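Chemist: If you read the protein sequences in the order shown, they are chains R and C.
Numbering-wise, our numbering comes out as the position in the first sequence, counting from 1, plus 1.
Read in our numbering, the second sequence has 223 at position 232, and its numbers run on one by one without any break.
Please keep in mind that the hints were generated in silico from the structure rather than gathered at the bench.
Fair warning: this is a prediction, and the values are worked out from it, not measured in the lab.
Incorrect hints may appear among the rest.
[Unchecked claim] Derived DSS-like pairs: lysine-lysine, alpha-carbon spacing no greater than 30 Å straight-line:
#1 R:Lys73 with R:Lys147
#2 C:Lys196 with R:Lys247
#3 R:Lys260 with C:Lys202
#4 R:Lys462 with R:Lys147
#5 C:Lys202 with R:Lys282
#6 R:Lys260 with C:Lys196
#7 R:Lys300 with R:Lys462
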Amino acid sequence: MKRFIVLAFMIIGSVVTASEVGGEETEMMPPVMEGKERVCLDCHRCANVNTNEGVLDSRALCLECHGKEACKKEVKEHHISLMLTPDSFKGSRHQYVACIQCHTDVARSPHKFETGAQCLDCHPVHGGETANAPHLRVSCQACHRKSKFVVLDKNADRVRLSRVDDHKVPIPLTDHGLPDVSDQDFCKRCHNPRNQVGASSVVLPSKSFLCILCHNAPLVMGHGLFWAAFLIFIFGVFLTLRFWFKGSVQGEEDSLHRKIALTSETVWQAIFSREIFSILKVVVLDVFLQRRILQESVKRWAIHSLIYLAIVARLALSLVTYFAYRISPDSALAVALIDKNSPFTAFVYDFLGLLILVGLVWAALQRFVFRPVYVARESQDNIALCMIGLLILLGFFLEGARILMTGLPSDVAVYSFIGYPTARLLDLFQWKWIGVYQYLWYAHAILGAALVAYLPFGKMKHVFNTPLTLVLHHRSEPSQ
Amino acid sequence: MAGKSERQEAYERFCVLHRFLHLVAMLGFTGLALTGFSLKFSAQGWAQAVVFLLGGLDHVRYLHRYCAVVTYACVVAHALWLLYFKFLLKGSLTGPQSLFPRFKDLKDLFQHMAYFFGKGGQPRFNRFTYWEKFDYLAIFLGMNTMGLTGVVLWFPEFFSRLIPGYFVNVAQVLHVYEAIMAVALKFVVHIISAHLRPEVFPLEKSIFNGKTTREKIMREHPGEWDVICRGLEETGSEVPSEKL
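Work out the full structure, taking the sequences as your base and the hints as a guide.
Modeler: Shown next as structure tokens:
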């Protein structure tokens, strides 16, 4: 009896369902296409796209339509071809990647393409080098596809491939070939003097690792300018070390080998003993927190700390950014830190820059306006202060010019609370900022490189000398 | 009979550079083993736990290469030091007190085995015993072959332009099996023969603090002590141990 009831329900149920399906007016795939009767697995191939065979099988389905000349769409009375040839993938890095692995939202009915190719499913964002932070608002295809027409989409605040050419004629974007990124020719589609996307009119070099003092920087030396600065820096360090080893070490007068051996032995023993804790204390209190300067004068401590601690904070932030990007390039943290326009990064960079500038102005006032008797006015000090001050000022102008040039929307740019007003100020000059930007950039880079090269020579030598003296002083007077 | 203080008189066995390189290579090698095996045996639960703790597969790959660069930098630094030792300090790289393998090491090995079975006395080891030389050469040569196969795996596109593609597969096989051998050698044989010998158990400190004592040299490296004494007799000053 039970069986009959179940059977009866099943029959009634299937009749009701069938009538519901028949009642809807959905467009079904024609059961016969090109004279051949279709079976389910013709389309629902369940290809394993992790294998090369599966990729080709899956792609074959797409090419059944997209491989034909008749595959077109109509845009403003223009017929745009949507045809692809299998040959266009030959030799490409995506030769064995299925269409649906990038175009993740197309395998559906109705067949539509909304989200675009999902490059970031496999590839990380660029964190530095040539394609540095401003390129975070450039879509991957704008550089990595062969079409040379690009546009700044102001609504989405993104630079992307244009769907029309220079004469506003719609163009197909079906060429899946990838441009050769080993030469920078393809950069010129944006980086040219007539670009409308807010790119500098020339391709500027990458930041160097030397820039890590204040900026997120890649592990490359980059432009020859930085190499020169680095070599001068190394030479200066070498001269300093030679000077240090001129004197006698624990009674040894002549042999440099013995002097180095004795010094390194002392350092080794200090590191691997309990003494390291008291040395660390000196490093934290005297070197990092500047206790000795604070004991002498709160004002001097404030001036020095504004400059020094802000630079240390910039360095620390750069290092955190560097490692966050290396550990997880796609994480929200890494992207927020490498993006100069993200609220936190924009604010903190400006704020720390401002602190340095305040410290420098205060120091300059002490030296040249108030002139208390105890302030020594050495020309070496003035050179160092001028270099840092100019570097920061140029940095702010550069930031303003970048915000202006890239046409950053005000709600994004406002977190750069110095850069954005600077941009508005610079806007008063009706200059061609995409052309001017490179000069500001080079001025900032040259000054930065000069500062690094100058570190072991003039006043900046105290960056190495003073901590060392403090530690040595502590060792010679352990009772204190 | 020498007094206690004389027996404990300190001698330098390893200079600061060697201690430093040993320390860095030790940490780098451990890092390489941990990350490398976690990548190789990624299906195992322990490997997945390590990968999770280290921040994901990509970061483990990055760490593996980072450790590789650091460890290989030690090899480069050591090779430069060998040149410095040979040409500026005028030391001997192949002499009896060097780490270079000699026929005496084979004789020492047989005599040592005989000694273990109660036949004859201990061999008179020089500055470095045969197992110390083996340990040294194993890692010095091994790091080069691991480095070579490692860069082929790191930059397969570049190398497959120069050499046939199957070399990448060959490199993969060699890299894995040599890694297993190297880890077994360092973590088992080296630690037992260097640190867990009854004389020094639980730790041979001389590679960390660089120091050894007169008593220790006389007992463990009598051949070296002979040379030091000869230097004392001839010149009135001892031969600095780093010149040996």
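Chemist: Hint by hint, note whether the structure agrees.
Modeler: Verification of the supplied hints:
1. R:Lys73 with R:Lys147: 20 Å, holds
2. C:Lys196 with R:Lys247: Violated, because 33 Å separates the two Cα atoms, which is more than 30 Å.
3. R:Lys260 with C:Lys202: The hint holds at about 18 Å.
4. R:Lys462 with R:Lys147: Violated: R:Lys462 and R:Lys147 sit about 50 Å apart, past 30 Å.
5. C:Lys202 with R:Lys282: At roughly 28 Å apart (the allowed maximum being 30 Å), R:Lys282 and C:Lys202 satisfy the hint.
6. R:Lys260 with C:Lys196: 24 Å, holds
7. R:Lys300 with R:Lys462: 23 Å, holds
Checked against the numbered hints above, the structure breaks hints 2, 4 and satisfies the rest.
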